[in-house]
Every structure is written in C-alpha cells, then in structure tokens.
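K.L.:
Required output: the full structure, derived from the provided sequences and hints.
Listed here are the chains, written in short residue letters.
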Amino acid sequence: MDLHFGDSKPTDEERAAVDALLGPPESSWEGADRSDADLRWARGGREARERRDLLLPGLHAVNDRIGWISEGALGYLCRRLTVPPAEAYGVATFYAMFSVRPRPSTVLHVCTDLACAAAGAPELCAGVEARLGPGSGVSVERSPCLGLCERAPAALAVRAGDPVRTAVSAPATVAAAVLAATAPDSAPVEPPAAAAVPQAGRDGLVLLSRVGVVDPSSLDDYRAHGGYTALRRAFAIGAAGVIREVTESGLVGRGGAAFPTGRKWQATASQPDRTHYLVCNADESEPGTFKDRVLMEGDPYALVEAMTVAGFAVGARQGYLYLRGEYPRALARLEHALGQARARGLLGDDILGQGYSFDIEIRRGAGAYICGEETALFNSIEGHRGEPRSKPPFPVEKGLFGRPTAENNVETLVNVLPVLTMGAQAYAAVGTGASTGPKLFCVSGSVDRPGVYELPFGATLGELLELAGVREGLRAVLLGGAAGGFVRPDELDIPLTFEGTREAGATLGSGVVLAFDGTVPLPRLLLRIAEFFRDESCGQCVPCRVGTVRQEEALHRIAERRGAAAEPDIALLREVGRTMKDASICGLGQTAWNAVESAIDRLGAYE
Amino acid sequence: MTVTPLGIPRRLLEFTLDGEPVRAPEGSTILDACRSAGKDIPTLCQGDTLTPKNACRVCVVEVAGARTLVPACSRTAEAGMEVLTDTERARHSRKVVLELLASSVDLSTTPGVAGWLKEYEAKPDRFGPDAARLNEEPRVDNDLYVRDYDKCILCYKCVDACGDQWQNTFAISVAGRGFDARIAVEHDAPLTDSACVYCGNCIEVCPTGALSFKSEFDMRAAGTWDESAQSETTTVCAYCGVGCNLTLHVQDNEIVKVTSPHDNPVTHGNLCIKGRFGYQHVQNRD
Numbered sequence: 001m002d003l004h005f006g007d008s009k010p011t012d013e014e015r016a017a018v019d020a021l022l023g024p025p026e027s028s029w030e031g032a033d034r035s036d037a038d039l040r041w042a043r044g045g046r047e048a049r050e051r052r053d054l055l056l057p058g059l060h061a062v063n064d065r066i067g068w069i070s071e072g073a074l075g076y077l078c079r080r081l082t083v084p085p086a087e088a089y090g091v092a093t094f095y096a097m098f099s100v101r102p103r104p105s106t107v108l109h110v111c112t113d114l115a116c117a118a119a120g121a122p123e124l125c126a127g128v129e130a131r132l133g134p135g136s137g138v139s140v141e142r143s144p145c146l147g148l149c150e151r152a153p154a155a156l157a158v159r160a161g162d163p164v165r166t167a168v169s170a171p172a173t174v175a176a177a178v179l180a181a182t183a184p185d186s187a188p189v190e191p192p193a194a195a196a197v198p199q200a201g202r203d204g205l206v207l208l209s210r211v212g213v214v215d216p217s218s219l220d221d222y223r224a225h226g227g228y229t230a231l232r233r234a235f236a237i238g239a240a241g242v243i244r245e246v247t248e249s250g251l252v253g254r255g256g257a258a259f260p261t262g263r264k265w266q267a268t269a270s271q272p273d274r275t276h277y278l279v280c281n282a283d284e285s286e287p288g289t290f291k292d293r294v295l296m297e298g299d300p301y302a303l304v305e306a307m308t309v310a311g312f313a314v315g316a317r318q319g320y321l322y323l324r325g326e327y328p329r330a331l332a333r334l335e336h337a338l339g340q341a342r343a344r345g346l347l348g349d350d351i352l353g354q355g356y357s358f359d360i361e362i363r364r365g366a367g368a369y370i371c372g373e374e375t376a377l378f379n380s381i382e383g384h385r386g387e388p389r390s391k392p393p394f395p396v397e398k399g400l401f402g403r404p405t406a407e408n409n410v411e412t413l414v415n416v417l418p419v420l421t422m423g424a425q426a427y428a429a430v431g432t433g434a435s436t437g438p439k440l441f442c443v444s445g446s447v448d449r450p451g452v453y454e455l456p457f458g459a460t461l462g463e464l465l466e467l468a469g470v471r472e473g474l475r476a477v478l479l480g481g482a483a484g485g486f487v488r489p490d491e492l493d494i495p496l497t498f499e500g501t502r503e504a505g506a507t508l509g510s511g512v513v514l515a516f517d518g519t520v521p522l523p524r525l526l527l528r529i530a531e532f533f534r535d536e537s538c539g540q541c542v543p544c545r546v547g548t549v550r551q552e553e554a555l556h557r558i559a560e561r562r563g564a565a566a567e568p569d570i571a572l573l574r575e576v577g578r579t580m581k582d583a584s585i586c587g588l589g590q591t592a593w594n595a596v597e598s599a600i601d602r603l604g605a606y607e
Numbered sequence: 001m002t003v004t005p006l007g008i009p010r011r012l013l014e015f016t017l018d019g020e021p022v023r024a025p026e027g028s029t030i031l032d033a034c035r036s037a038g039k040d041i042p043t044l045c046q047g048d049t050l051t052p053k054n055a056c057r058v059c060v061v062e063v064a065g066a067r068t069l070v071p072a073c074s075r076t077a078e079a080g081m082e083v084l085t086d087t088e089r090a091r092h093s094r095k096v097v098l099e100l101l102a103s104s105v106d107l108s109t110t111p112g113v114a115g116w117l118k119e120y121e122a123k124p125d126r127f128g129p130d131a132a133r134l135n136e137e138p139r140v141d142n143d144l145y146v147r148d149y150d151k152c153i154l155c156y157k158c159v160d161a162c163g164d165q166w167q168n169t170f171a172i173s174v175a176g177r178g179f180d181a182r183i184a185v186e187h188d189a190p191l192t193d194s195a196c197v198y199c200g201n202c203i204e205v206c207p208t209g210a211l212s213f214k215s216e217f218d219m220r221a222a223g224t225w226d227e228s229a230q231s232e233t234t235t236v237c238a239y240c241g242v243g244c245n246l247t248l249h250v251q252d253n254e255i256v257k258v259t260s261p262h263d264n265p266v267t268h269g270n271l272c273i274k275g276r277f278g279y280q281h282v283q284n285r286d
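If you read the protein sequences in the order shown, they are chains A and B.
Position 80, counted from 1, in the first sequence is what the numbering used here calls 80; the numbers after and before it change by one each time, with no gaps.
Position 264, counted from 1, in the second sequence is what the numbering used here calls 264; the numbers after and before it change by one each time, with no gaps.
Just so you know, these hints were derived from the structure itself, not from any lab.
These numbers come from a predicted model, not from an experiment.
Don't take each hint at face value.
According to the in silico footprint, chain B covers these stretches of chain A (three or more CB under 8 Å from chain B) [what the hints assert, rightly or not]:
(1) 538-545
(2) 564-576
A short, non-exhaustive set of chain A residues, derived as facing chain B with CB atoms under 10 Å [unchecked claim]:
(3) 6
(4) 236
(5) 549
Where is the CB? At the ideal position from N, CA and C, for every residue including glycine.
P.N.:
Take a look at the structure:
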C-alpha cells in the first residue's frame, strides 16, 4: 500500500491529541521528522496496517481536543495508522458527532426526537438558537434522541479541550441549556441514575436491585450487594455449564431481535477458530430507549461482571464495549469500574486465580444509530464506515476482525447474573413460558413518573402505564421505539411479552413505551420518525437510502391532508415501505416504515 | 501457451429454481445459477471481476423460508434451497428500486436500464416533481477522465476496484451518510490532489457512465458520440512486457476509449495509466 498524503500539517495541539492516544511516532514513516536512519528502514506491511481499529479512537481524540478534524489532523492520524486518507475521510464524515469543517469548540446537541418534541423541544431549540448565534462560541445542533427521555427536553453540551468537558441539561430550559453550553463546568450536577428509576430501592427488583442502592463507583459496595457471586458460580460450573444454564433459562436478546442467548453463545463457543471475541452493544440509540444508560450509570460493575461471565462462556479473552458517544457519564463510570476491576484482579490475567484471562476495552460511538446494528458495529470498531455487512456469514462465525463473536446488548448481559445466581429454573419461572425473566421498560412521554421500570414478562401495557402514572387524554402509545409501532389507548391489555406483542401485530423492540397525548399532532410525530430514518440511513443500499427520503417527502405532502386527499400518497408509502421491508440489507431499512404503517392502519392517522 | 486454470473440482448442489430442479457447483451464487439456467435478472452493482457488494438490491429474489428477499448476486446457493425469481413480491421490489434510482439519479447512460424500467412498468415520475435528486455537476478536473456523480448509483464498484480488490491505491471512498453519501477523495479535493494514479480501472467497472473518458464525455456533450459507428479491436499493449489486452474503441478513425477484456486470466480488465490513456501516439499523424 503506497499511501499518498497531502501537504497539510497538523497543529501542535492536534499532534499532541493524537500522540496522547498513540504515543510519540517512532519514525518519519509514522509522521515524525525525517532522520537519516529512516532512509534505510521502512515500516509498513501487516503490522502497520493492523492498527486500523484505532482510527475511530484517533478521530475522537482530535475532535475532543479541537472540536473538529482538520486536513492536517486527519493526515497525521492516517500516517500514524497507515490508513488511506480517502478512507479516513469517509469514516470521519460518517459520524454525526465529527465535523471536518471548522466549528466553535463547544457544540450543544439539542434533542428534537419524539419524547423531547412532545415536551417542548421546538421552543427550546428556537430559544437556544436565538441566544447562541454566530459569535457565541457555541454551535447548536439539532440531535436525534439523546437517551434522556425521562427528563425531556434534553440537551448535551460538549466543549472540546484537554480534557473534553460535557454537561447535560435535562429537563432543559433555554437558560439552563445556554448555561450548560457556555459554562459546562459550573452547570448543575445531573441527578443520580436512580432518579430515572421510580421503583428504586423496592423489594423484588432483579436487574435494578442495586441502582440507587450501591455506590456506582465502589467495587466493595458492589461486592457487598451480591456482586461477583455469578462469576464465582460460572467458574465453578465451567463454560459449558454457563451456556447450559443460560440456554435453560430461556434468556433471549433484549436489544430487539429476541435471539436466544444460549444458542448464540453455544454457536460462538463451538467455532474451531481459536480467537473469539465478546462484544457488548451499548450503542443504545433507539429513540425512547435509555435503560442501558441507567444500568451503566447506576450499576456499572454488573455489566463488567456480566461481560466477564459471557467472555468466559464463549471462550473470549478480549471483550469490547461499544458505548454510544452521547453517554459521557456512563463512559466515566465504566472507565472507573474497569480500572478498579483490573486493580483487584477481576479483569486481566488469571481472574480470581482461575487461570482465565479477560479484559475489556471501551470503544465510543460517534453519533450513528446504524452502529447499533451488530455487523455495522464491528465495522465501526475496526475503523471502517459503520455500514452493515451482508449475512451470512453470521457474527458467530465471522464477526469482529473476522473472528467468531458473540454480541449482546447491555440488558441481555446483565440478565446473565440472575440466571447464574438464581439458577436457570428459578429464572425461567419468572415471566411467561415463552418470555422468561424480568424486562426493563423505558416509559416516557405523557406520564407523571417517566423512567425505567422493571416488570416480569407478562404484565400488560395498561399495568405498566398505570405504574408510571399515565396522564389523561392518552391518544397513542409507541411500542419499541421508532422501529416499533403505535398502539391505540383501547389496546392496553396487550401483554408485554415477545409473543403477546407479536400476536397483537406490534413489537416489544428494545422496551420503549412512549405515551402521547394530543399535544403534538400525529402527522408531526410521523414526520420526525421519517426524518430520523432519513438522517440515520447509512446509504449503502438503495431501498433505504432513497426510500427513507421518499417516505419523508410523502409524509410532508400529506401532513395537512386527510381522507381521499391523502390516499394516493399513502398508497405510494405502502409500496415504498414494502420494498424497504423486503429488500433492505439490514434492520434499519427493514423497520423504517413500521411506525408509519402502524399509525396509518391502527390509529387512522390520515382519516 | 495459454493455460486455462481448471481449479479444484467442485461438488454440485441441487436446489430448485422457479420450481425446476437445477444443479450448480458449490460456492456459486443464485445469480450464477440463474444465468446458467438462462434466466435474466437485472443487476447494477454486481460486477464480473469484483466481490458483490449487494448494495443496489435490484437482483433480489425470493427464497422459501427467508423473512426478507435475498440478493441473488451475493447469496450462495445451498442444497435444497427453493428460489423463486419472478414472484410478485420480488418483481415489486425490483420495480420500486428501479423507480427510486431513476427518480434520484441520471440513468441516461446506464446500459440496460431503459429496458428494465419498461419490463417492470416502473414509473419514476410518481414521486412528484419535487422529489430530491442528487443534483451533482460533472467534475472535470483532469485531462483523462470525468466524474459525473449525478449519474452515480453508489454501487461501490469503483471504490472496490481502487482499493483492496484490484488497484490498492485507495484514492477514493464513500464519504458522508445516507442520501448525502458520495464517492470522494479525501476532503472532496480535485482528483489531481489525491492519490489517484489514473489507471482508469474505476471507469472499467462503473455501471452507469458516471465515470467516463474525457473523450467520451466531450463527444457526448457535442452530440457526436455514436456507439453504433464504433469498432472494437482487441490488441496487446505495447508499453511493457506484461502483455495486457487492450480493446480500442474507434470512431471515425480515432481511438475514443480503451477498455480491457474482463476474462483475461492475468489482468481481469485492469490496466495502468499507459495502457488505458496512453494511446495518443497511435493517432499522431504529423
């Protein structure tokens, strides 16, 4: 590979940001000044190219320090990692949180997604944009869901520097959001994670039992509350025993696809290839979803322990935790937890003296919903554009770095702890026959007590909404997020199980329950959903890349129309929707029409 | 002496194609099997010299038991598979995919597409006059070839040919996301500031004419491009000892374009800048 670099040079600051991540360059081949020795020594080949996966962390390093990625910075990073500049440019422009054009060092992301839109995001945006115009040193960017739906409307300020500073304002007022952006260090501290758990501290909780009870920074506190008993049991029964327990527990993936976890682990563990990986998908970006954030912020060691158990079961020595870029507090808590676990011999070589070695690396996403798709996530970690791969081959055969990989959602992994501590039988006794265990639901919108709720599978939608204090005038409930579907207020007896929602023609998805009253007209919500998918489509396949644009255009045309006047465009939407569902490469395109379809068919949105 | 590599003998798999039993060598795709059986399935992003990217989704077929349609170009045939190529469901997706492309991209120089639009009764106009289009201007920044991204369907073939599948130059990539994604060099600079070595192997694989010889681009603009008046002569490149095959496209006694046979066992249609663009001396009559 004979790479061509332009003449742009990095500034000292940009160079320092990259070197802080990668160490100083060893030779001019990596971007240092040329010495005589370099002329007789070439560095390249596989060894140099194998660090491509550091491209995304490198882009973060520059963006965090400077606020944007200049030609010189990108060129220097490419030299350091032997990455073609064109490809690095393709990666940098893929992510919404990066900019390849100069911008102010502070970016204020104001959420305009569903829960926030219903809670006054348009007014918040307008107010903030009026106060933080050009020259204010803040760039205001309208953002998809920030995962703070229980405190809508939300805003996240990111100020580049060393170190990068962040501040969350939620529920945000114009004044509070402006303060967060102009003085992130003096913004009020965020409420604890437990504030998002109305049931916190109650008896009988399984997944949320420690949130608000333990100190999320203290490993001792975690151990005093039952932490690391599951790992001990795992070592006692062996990897095959863990997989057997998980299979018998009936645990299925909580990210939305509901694939049996035991089967996935078994398939990964049995691959003859010697290097296996475990990947935790914490790229929680489905609008309305924030359960993983609450788990990671409130009980971070549980995820560390669960990943260790999972890694042990599938025969992985390295785990990756792909965390969405908009979760600064979860990042800080997890980084701290990993450090503590390493220092105490719970990660690293010879964990608990059992001869098993495992470590976890955090990789931050950078604003791309598509990276929650399992194979897009692999590409993102590997330093490529976060575009989904075609399947087969499936990740259990060829996943991260082409190796057998088990990828699980945060909530799925955390469920493994009670499977092991309670035993498969006792765990399977919770919930219904086909949907076992406890489930987290993210309730927001028109309710008095929004937050993450834990209920055994089988509770009805009505029971959940009652618990959350649903307000008068309920018009519709969005189940499963933007990729899910709407149900009517007279369908609250739908059991919240995989089979129950499927039977009702809905989906549980990632556990989103967004309640809407009449504040925002339904066509406006549908437009926001269509806009979301248009923005987040990776652009790889035609049905999704162009289909999501055509869907949004048609919804614009009929925003004010009803009945026969809307009929031709609804017919068009159905045709495009059917093609997106049938012919898109991945789940994003396949589900981009679900919510709109359900609103038309179930709610009669344009009648 | 020409050596034709025979390869390792491959097991034959039996499956059904539109109800008819067919046999295909292990590892072949559904598309391979369809073509051997004489069935025509439209393709755009598939290329005979590249690993399929399956991005355009115009070749989708129905496989019994699969939740979604599958791309014929990249799904390998399996024993016992039941493939249906001409169902209403598959035809519907092909039709809409063609409409989505034709309503956003200039397909005027894409071979075969006019016939498919007719065959599938596609009506790209039904998305209305305000339907978003790419709206790109041709980029004429060098003397050898033109990048007219208004005609680009984002098939990734040029990126793959420039990258690790053939040329290993990595001058271009897809940049941006979604509908705004475009093929670009770093910082969307002119080609002359990039790593491009002007081998033209991207032009060789471009299915839509988005990438074309400057000579072709100029003649099309002048209205003098006439493929029916062109002859094609395959010869051997005279520059070095590799012996690449060149196919010279000649109109009015002038070389207007150079391609290379894809079935050449050594070069598979790839050339270097000299073979692709260095033909002026042939027609220097002074």
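K.L.:
All hints are to be evaluated individually against the structure, with a verdict given for each.
P.N.:
Quick rundown of the hints versus the structure:
Given as covered by chain B, the region 538-545 of chain A passes the check, having 7 residues with a CB less than 8 Å from a CB of that chain where 3 are the minimum. With 3 residues having a Cβ less than 8 Å from any Cβ of chain B, the region 564-576 of chain A passes the three-residue criterion, so the hint holds. Taking 10 Å as the C-beta contact cut-off toward chain B, the hint placing residue 6(A) at the interface holds, the least distance being around 6 Å. For residue 236(A), the interface hint is violated, since its Cβ never comes within 10 Å of a Cβ in chain B; the closest pair sits about 40 Å apart.
For the restraint placing residue 549(A) at the interface with chain B, the shortest Cβ-Cβ distance is roughly 5 Å, inside the 10 Å limit, so the hint holds.
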